[in-house]
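Peer 1: Residue-level listing of the chains:
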Amino acid sequence: MYEHDVIVVGAGGAGLRAAIAAHEAGADTAIVSKLHPVRSHTGAAEGGINAALQEGDDWELHAYDTMKGSDYLADAPAVETLAQDAPDDTITLEHWGMPFSREEDGRVSQRPFGGLSYPRTTYAGAETGHHLLHVMYEQVVKRGIQVYDEWYVMNLVTGDEPDPNDRECEGVVAYDVQSGKVEGFKANQGVILATGGPGQAFDHTTNAVSCTGDGHAMAYRAGAPLEDMEFIQFHPTSLPSTGVLISEGVRGEGGILYNDDGERFMFEYGYANNSGELASRDVVARAELTEVGEGRGVEDEYVHLDMRHLGEDRILDRLENILHLAEDFEGVDGLVEPMPVKPGQHYAMGGIDVDENGQTCINGLYAAGECACVSVHGGNRLGGNALPELIVFGKRAGRHAAGEDLGAAEIETGYGDDVEDETETELPVAPGEAGLDSSGGVAADGGVATEAEGLLERAVEQERARVDHLMDKDDGVQHAEIRAKLQKAMTDYVNVFRTGDGIRKALKIIRECREEYQDVYVDDPSRTFNTDLQQTYETRNLIDVAETIALGALVRNEFRGAHWRQENQERDDENWLKHTLISWDDGEPSIFYRPVILEGEDKTYEPKIRSY
Amino acid sequence: MSTQQEQPQEPESQEAPEDPEMRGAESPQDKRLKEKEQGLAQEETVDESDLEGKTVHIKVFRYDPEVEAKQEPRFDDFHVPFEKGMTVLDAVMYARDEFDSSLTFRHSCRQAVCGSDAFFVNGRQQLGCKTQISDLEQPIRIEPLPHQEVVKDLVVDMDHFYDQMHAVEPYFQQEDLPEGDLEEQRQSRENREKVKMSTRCIWCAACMSSCNIAAGDNEYLGPAAINKAYRFAMDEREDEEIKEHRLRIVEQEHGVWRCQTQFSCTEVCPKDIPLTEHIQELKREAVKKNLKFW
Numbered sequence: 001m002y003e004h005d006v007i008v009v010g011a012g013g014a015g016l017r018a019a020i021a022a023h024e025a026g027a028d029t030a031i032v033s034k035l036h037p038v039r040s041h042t043g044a045a046e047g048g049i050n051a052a053l054q055e056g057d058d059w060e061l062h063a064y065d066t067m068k069g070s071d072y073l074a075d076a077p078a079v080e081t082l083a084q085d086a087p088d089d090t091i092t093l094e095h096w097g098m099p100f101s102r103e104e105d106g107r108v109s110q111r112p113f114g115g116l117s118y119p120r121t122t123y124a125g126a127e128t129g130h131h132l133l134h135v136m137y138e139q140v141v142k143r144g145i146q147v148y149d150e151w152y153v154m155n156l157v158t159g160d161e162p163d164p165n166d167r168e169c170e171g172v173v174a175y176d177v178q179s180g181k182v183e184g185f186k187a188n189q190g191v192i193l194a195t196g197g198p199g200q201a202f203d204h205t206t207n208a209v210s211c212t213g214d215g216h217a218m219a220y221r222a223g224a225p226l227e228d229m230e231f232i233q234f235h236p237t238s239l240p241s242t243g244v245l246i247s248e249g250v251r252g253e254g255g256i257l258y259n260d261d262g263e264r265f266m267f268e269y270g271y272a273n274n275s276g277e278l279a280s281r282d283v284v285a286r287a288e289l290t291e292v293g294e295g296r297g298v299e300d301e302y303v304h305l306d307m308r309h310l311g312e313d314r315i316l317d318r319l320e321n322i323l324h325l326a327e328d329f330e331g332v333d334g335l336v337e338p339m340p341v342k343p344g345q346h347y348a349m350g351g352i353d354v355d356e357n358g359q360t361c362i363n364g365l366y367a368a369g370e371c372a373c374v375s376v377h378g379g380n381r382l383g384g385n386a387l388p389e390l391i392v393f394g395k396r397a398g399r400h401a402a403g404e405d406l407g408a409a410e411i412e413t414g415y416g417d418d419v420e421d422e423t424e425t426e427l428p429v430a431p432g433e434a435g436l437d438s439s440g441g442v443a444a445d446g447g448v449a450t451e452a453e454g455l456l457e458r459a460v461e462q463e464r465a466r467v468d469h470l471m472d473k474d475d476g477v478q479h480a481e482i483r484a485k486l487q488k489a490m491t492d493y494v495n496v497f498r499t500g501d502g503i504r505k506a507l508k509i510i511r512e513c514r515e516e517y518q519d520v521y522v523d524d525p526s527r528t529f530n531t532d533l534q535q536t537y538e539t540r541n542l543i544d545v546a547e548t549i550a551l552g553a554l555v556r557n558e559f560r561g562a563h564w565r566q567e568n569q570e571r572d573d574e575n576w577l578k579h580t581l582i583s584w585d586d587g588e589p590s591i592f593y594r595p596v597i598l599e600g601e602d603k604t605y606e607p608k609i610r611s612y
Numbered sequence: 613m614s615t616q617q618e619q620p621q622e623p624e625s626q627e628a629p630e631d632p633e634m635r636g637a638e639s640p641q642d643k644r645l646k647e648k649e650q651g652l653a654q655e656e657t658v659d660e661s662d663l664e665g666k667t668v669h670i671k672v673f674r675y676d677p678e679v680e681a682k683q684e685p686r687f688d689d690f691h692v693p694f695e696k697g698m699t700v701l702d703a704v705m706y707a708r709d710e711f712d713s714s715l716t717f718r719h720s721c722r723q724a725v726c727g728s729d730a731f732f733v734n735g736r737q738q739l740g741c742k743t744q745i746s747d748l749e750q751p752i753r754i755e756p757l758p759h760q761e762v763v764k765d766l767v768v769d770m771d772h773f774y775d776q777m778h779a780v781e782p783y784f785q786q787e788d789l790p791e792g793d794l795e796e797q798r799q800s801r802e803n804r805e806k807v808k809m810s811t812r813c814i815w816c817a818a819c820m821s822s823c824n825i826a827a828g829d830n831e832y833l834g835p836a837a838i839n840k841a842y843r844f845a846m847d848e849r850e851d852e853e854i855k856e857h858r859l860r861i862v863e864q865e866h867g868v869w870r871c872q873t874q875f876s877c878t879e880v881c882p883k884d885i886p887l888t889e890h891i892q893e894l895k896r897e898a899v900k901k902n903l904k905f906w
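Line by line, the protein sequences give chains A and B.
Heads up: the first sequence at position 583 corresponds to 583 in the numbering used here, and the numbers run straight through without jumps.
Going from the second sequence to the numbering used here is simple: count from 1 and add 612.
It should be emphasised that the hints constitute simulated quantities derived from the structure, not laboratory data.
Ideal Cβ positions, reconstructed from N, Cα and C, are used throughout, including at glycine.
Hints may be right or wrong, so weigh each one.
What the hints assert, rightly or not - Each pair of labels, with its calculated beta carbon distance range:
| # | chain 1 | residue 1 | chain 2 | residue 2 | range |
| --- | --- | --- | --- | --- | --- |
| 1 | B | E802 | A | G254 | 52 to 62 Å |
| 2 | A | E299 | B | R801 | 38 to 48 Å |
| 3 | B | D662 | A | D492 | 54 to 64 Å |
| 4 | B | E805 | A | E60 | 51 to 61 Å |
| 5 | A | V477 | B | E787 | 40 to 50 Å |
| 6 | B | D851 | A | V336 | 42 to 52 Å |
| 7 | B | E852 | A | D418 | 34 to 44 Å |
| 8 | A | G254 | B | K901 | 39 to 49 Å |
| 9 | A | N557 | B | D662 | 44 to 54 Å |
To be verified - Derived DSSO-like pairs (lysine-lysine); straight-line CA-CA distance at most 30 Å:
| # | chain 1 | residue 1 | chain 2 | residue 2 |
| --- | --- | --- | --- | --- |
| 10 | A | K488 | B | K696 |
| 11 | A | K142 | B | K895 |
| 12 | B | K666 | A | K488 |
| 13 | A | K181 | B | K682 |
| 14 | B | K666 | A | K485 |
| 15 | B | K900 | A | K142 |
| 16 | B | K901 | A | K142 |
| 17 | A | K485 | B | K696 |
| 18 | B | K806 | A | K142 |
| 19 | B | K895 | B | K806 |
| 20 | A | K142 | B | K682 |
Assemble the whole structure, with the sequences as input and the hints as a guide.
Peer 2: What follows is the structure, encoded as structure tokens:
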């Protein structure tokens with residue numbers, strides 16, 4: 001067994017930042033990650049980091065833009081914390097050597113992004129995430145923080161108390177991918193989940209294949225609710241054949257979208273008469289698909305993004321990486337022809353229900369980054385707001401887990417006094433009923449262990465037994481088949497445009513996937529670097545996460561942010577200024593709601609019609 | 613296990629460039645862009661339309677120390693249906709998901725930034741996700757990176773590579789920071805431009821694997837680590853004292869002076885980093901500072 005004060009699961013932007021902060025606060029900190037840190041998906045972020053750094057800008061404007069962009073589903077205390085902390089935390093990165101793009105006077109450069117009232121996106125070419133990730137890993141190396149890389153975390157270790165609010169997180173169970181050894185990791189002070197997004201629930205995504213919602217699913221099964229999972233961002237500019245992301249920076253610098261008739265459709269058809277291409281992402285994604293749907297798409301599939309008029313010098317200075325991506329993955333030279341683009345799954349606004357300090361309702365369990373929902377993005381995340389979220393809330397979670405007093409949180413978590421129970425929703429199937437291999441759930445054996453060591457030992461035994469079972473089984477279904485089916489159902493039915501009937505179909509297929517998973521087996525007999533085994537675990541996580549996305553999308557019978565419903569094409573503030581929470585309760589999901597907090601420090605954010 | 617001993621080895625991929633002077637003057641990326649402009653870009657080996665509807669023949673290196681049938685290294689043949697735009701990574705993923713789930717390799721981002729899928733493809737170090745099937749001659753041989761210990765199939769042990777990266781103190785060391793809440797360090801555009809290419813390294817280890825010197829000298833820091841040192845030594849935000857400390861690290865016995873300017877690292881770098889030039893520049897800096905050299 002390994003033992004540390006704070007254990008961070010995942011080594012992308014949020015995980016590294018959390019680890020640095022916990023270490024600085026004096027905790028013995030370790031990172032456990034299924035990838036080596038520099039392989040994390042934060043490295044693929046392109047655009048930049050929003051922070052009110054310049055004179056003429058201030059955090060209040062940043063907070064206002066974010067509340068508006070969220071379609072009033074973000075919690076004001078979280079948004080204000082983000083906007084207030086981002087400038088300092090961004091400059092800290094500069095002090096750590098981050099190679100930001102520069103102005104003539106040597107100061108960091110900022111550029112316009114969609115939905116921002118001021119050009120406040122700090123960037124490093126079109127590869128901001130790559131630099132952010134590497135700079136933070138460098139700081140982890142500098143501080144000598146222990147990293148267990150290529151260790152896959154299989155489960156969280158918590159007590160069996162009936163109410164999740166009474167549970168304590170004692171650590172995690174993980175296995176060494178290289179040797180297959182399953183071990184317990186005891187966390188004396190806290191576990192921070194920083195496992196990134198669940199993009200692999202969809203088959204056309206900008207996300208890495210490692211983005212399988214592991215943290216989401218583990219927290220969910222341990223009793224922490226998942227919040228606002230229906231809000232999935234589809235990025236308007238991904239390459240059609242692969243899903244590779246073309247940064248919003250292209251439109252920020254002045255890139256133009258055209259349909260097959262050569263019309264600048266954002267203006268021509270009135271999708272966004274003021275902001276045009278720089279309207280927020282949900283607006284642009286729907287506009288593109290509407291163009292394709294009405295027969296004005298190129299090859300009935302995509303639209304064109306043109307940056308040629310920006311000139312070679314500016315492109316090479318600020319968007320060089322985009323030229324390489326378009327050339328390598330689509331065979332298009334962005335200097336001489338427009339690039340084909342279409343919407344692709346990009347980001348999950350929802351996630352594990354946490355407060356401003358990163359804490360879940362389970363004592364000692366934290367989450368930060370894309371796997372968490374504070375919530376700062378609400379119904380729609382603004383471009384350039386994901387990276388500040390990583391550094392601001394990663395840092396806060398690290399400090400809090402290490403015992404620093406950050407003041408009481410204003411946001412509540414879990415099933416508390418402020419929640420409202422489910423309104424009647426007719427579900428097509430009882431989603432969780434089939435369940436999954438029961439040995440993985442909390443208290444599956446009805447055991448009585450209450451001490452941390454006992455709980456850890458029991459959890460390690462459970463996982464070892466689960467691995468043995470999967471590997472000893474000689475035939476059945478392979479995870480890849482289930483995963484492909486799940487991904488297709490989500491892309492077919494829970495995409496940019498959604499209908500109640502479609503979502504019900506998706507839920508039925510997800511249920512089938514659950515049933516098939518009962519019979520899953522691992523064909524590779526080796527304990528050495530068994531990716532088959534790892535992906536079998538991941539696929540189970542994807543089933544849980546996909547189900548919460550579809551359930552959330554079904555019950556939210558309105559149109560808000562990225563969530564569009566054919567039956568209700570209006571935002572319904574009267575009934576829906578509230579977060580959807582789904583928790584895993586005795587083998588099935590239960591749904592409840594919590595009101596949005598629109599009251600900030602000095603003012604209340606009044607919902608307004610969102611026009612661009 | 614070393615791939616060199618156990619594995620049927622392709623001829624070494626290192627080739628001296630035809631004219632080293634030319635290479636120094638212009639990065640492969642500049643050259644590529646220029647060729648493109650003049651319409652001289654190399655034609656694809658195979659016309660994609662000829663491949664459509666056909667299968668692609670890949671031969672994949674297999675080895676697992678634990679499984680009896682795989683202890684003796686071998687190549688497995690897979691025939692994968694071709695799709696337009698298909699990459700080497702797509703092909704091995706298809707083979708794994710459809711034919712043999714024990715086929716093992718690292719991969720994650722699919723967009724050439726995580727650096728985990730560097731393989732030896734038809735005798736050259738390449739990122740699987742970035743290499744188009746239609747650019748390759750069939751059958752396509754896919755092997756783990758040479759000169760690295762093989763863990764299983766296409767997975768190599770990266771520990772030595774990471775150790776070398778860590779050996780150059782790969783982190784910013786300026787302690788004397790500007791005062792004031794939001795005051796950043798100033799960096800000129802020219803200086804950022806100077807270090808820009810060096811900051812693009814994704815730690816894929818293709819360069820290390822292609823380097824003859826690293827193959828023969830296990831202690832040689834290697835191109836990636838030296839490039840990392842360059843990234844900081846040339847950054848004007850660190851002061852002179854730290855720069856000298858950095859130069860002392862790279863001019864040690866197994867540092868920059870081992871490089872024989874064969875350009876193989878520069879040739880294979882998927883991010884077009886002029887690695888050899890960076891090594892040469894550090895040699896010059898060390899000489900200018902009058903540091904002892906070997």
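Peer 1: Compare the structure with the hints numbered earlier in the document and write down the numbers of the violated ones, lowest to highest.
Peer 2: 1, 3, 4, 5, 7, 20
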